[in-house]
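Going down the list, the protein sequences come from chains A and B.
Anchor point for the first sequence: position 53 equals 68 in my numbering, and the numbering is continuous, going up by one each time.
Anchor point for the second sequence: position 137 equals 152 in my numbering, and the numbering is continuous, going up by one each time.
Treat each hint with caution, since some may be false.
As the list makes no split between identical chains, a pair holds if one copy fits it or if it spans any two.
[What the hints assert, rightly or not] Cross-link-like lysine-lysine pairs, in silico, BS3-like; alpha carbons within 30 Å at most:
id: 1; residue 1: Lys-97; residue 2: Lys-19
id: 2; residue 1: Lys-70; residue 2: Lys-193
id: 3; residue 1: Lys-97; residue 2: Lys-158
id: 4; residue 1: Lys-160; residue 2: Lys-184
id: 5; residue 1: Lys-97; residue 2: Lys-186
id: 6; residue 1: Lys-70; residue 2: Lys-152
id: 7; residue 1: Lys-160; residue 2: Lys-104
Source of the hints: derived by calculation from the structure; they are not laboratory data.
There are 2 protein chains.
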Amino acid sequence: MSGKLYGLGAGCGDIELITIKALRILREADCIYCADSGKSSVLEPLINHWGLQDKIRRLSFLMKRDKALRAAQHDLIYQEIKAELLDGKTVAYLTLGDPSFYSTFTPLQQRALQDHFEVETVAGVIAPCVTAARANKALVEGKQKLTIVPMIDAELLDNLPQHALSFMKVKFHYDELKAQLEAQGILERAYMGVRLGLEGEEFFPSLEDVPRPDSYFATVNMIATEEEESSL
Amino acid sequence: MSGKLYGLGAGCGDIELITIKALRILREADCIYCADSGKSSVLEPLINHWGLQDKIRRLSFLMKRDKALRAAQHDLIYQEIKAELLDGKTVAYLTLGDPSFYSTFTPLQQRALQDHFEVETVAGVIAPCVTAARANKALVEGKQKLTIVPMIDAELLDNLPQHALSFMKVKFHYDELKAQLEAQGILERAYMGVRLGLEGEEFFPSLEDVPRPDSYFATVNMIATEEEESSL
């Protein structure tokens, strides 16, 4: 009988911000895969704290702009997971945040489903919520809409809607983002969390005089304009 | 010395989809407030499973369209919590989903901060992610933007963006939502989760021939159009 693939959200990396369900499955799994950017994984404190290090298999996802190269990389990683599944293993794939939300789990999940393996995804806490929690602010309330923008391309700043916004991974286009918010006269609505839940975390209640963050894990939230209905 | 107010996200109500952190704080708290729509709370299975029932104080939030009435209701509820805080108590406020995300915690959090009480917010798992997890689909990937729309007003359907969408609490405007998606020719991109993680949960991979859900806890997700970059 073939095994089962789980996609698990770890939350922001804080050892306690993982769900009871994800932790239970991590403990029961035969092996745990987690993405690694080459350096030591940001999930390491969580993995070590919960005593899971012996089951960990590291995967190197290199950022590839070319679609075909990216697909080839995913095929290669999936082959390794597929071998475990064919061997009847319970395989957990652990990802920062949520496994459906800009996650490296997606391409593996879709390949496993195509091959008719059993797949279960367990939602996790996402960075826009963690950042709002740290600010003690509403991310959205009442009738407000929220748009989430992955800042991996400065073009995504075109035609920003007027409601609540959350910009993820702002590092590479931080200066363009600030310039754009300033031009629209809404920079004072912004706040930023950097590596929240991880070592060296920082919180900035305003972006004024705050330079580009060093970390990839930086989220800028924007509170909604006052015209939008608030329930306060 | 005055107490401390915690805002805690319970996730979707699934007893295991709460974070380790929120559960620890619930166990340590002197009392736990949770919103109640008049009928028994949807959080009851979770509360009972973790043996927290003796610490629970129910609050009735009635939906009030009038802003002043709503504020008066929040003032009244806050007075009860304030008395506990002045008494030095650790007060937990437990909310479905995430306490910064369309949450009844926001007005209480803001009042407590104004009164200079210590407030800590702990993020939770939100319905758009839970719904995508159940569908084994990406909510968003790569460069895709996501807009979240609280369906408490049909006007919010005007000028829908072309990217990934999540409609929360669709019950009251479900027919308008379906008609709008059909008119835009994008109904086939929609799927729906109803009461996921709660008793009587249902999942619909398509909205075709699916009538209006009975429950307030119904979320419709839309996958992004194919033109949007996918990392698959």
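Hint check:
no.	hint	result
1	Lys-97 with Lys-19	within (10 Å within a copy, 49 Å between copies)
2	Lys-70 with Lys-193	neither (42 Å within a copy, 46 Å between copies)
3	Lys-97 with Lys-158	between (44 Å within a copy, 27 Å between copies)
4	Lys-160 with Lys-184	both (21 Å within a copy, 13 Å between copies)
5	Lys-97 with Lys-186	neither (34 Å within a copy, 40 Å between copies)
6	Lys-70 with Lys-152	between (38 Å within a copy, 26 Å between copies)
7	Lys-160 with Lys-104	neither (42 Å within a copy, 35 Å between copies)
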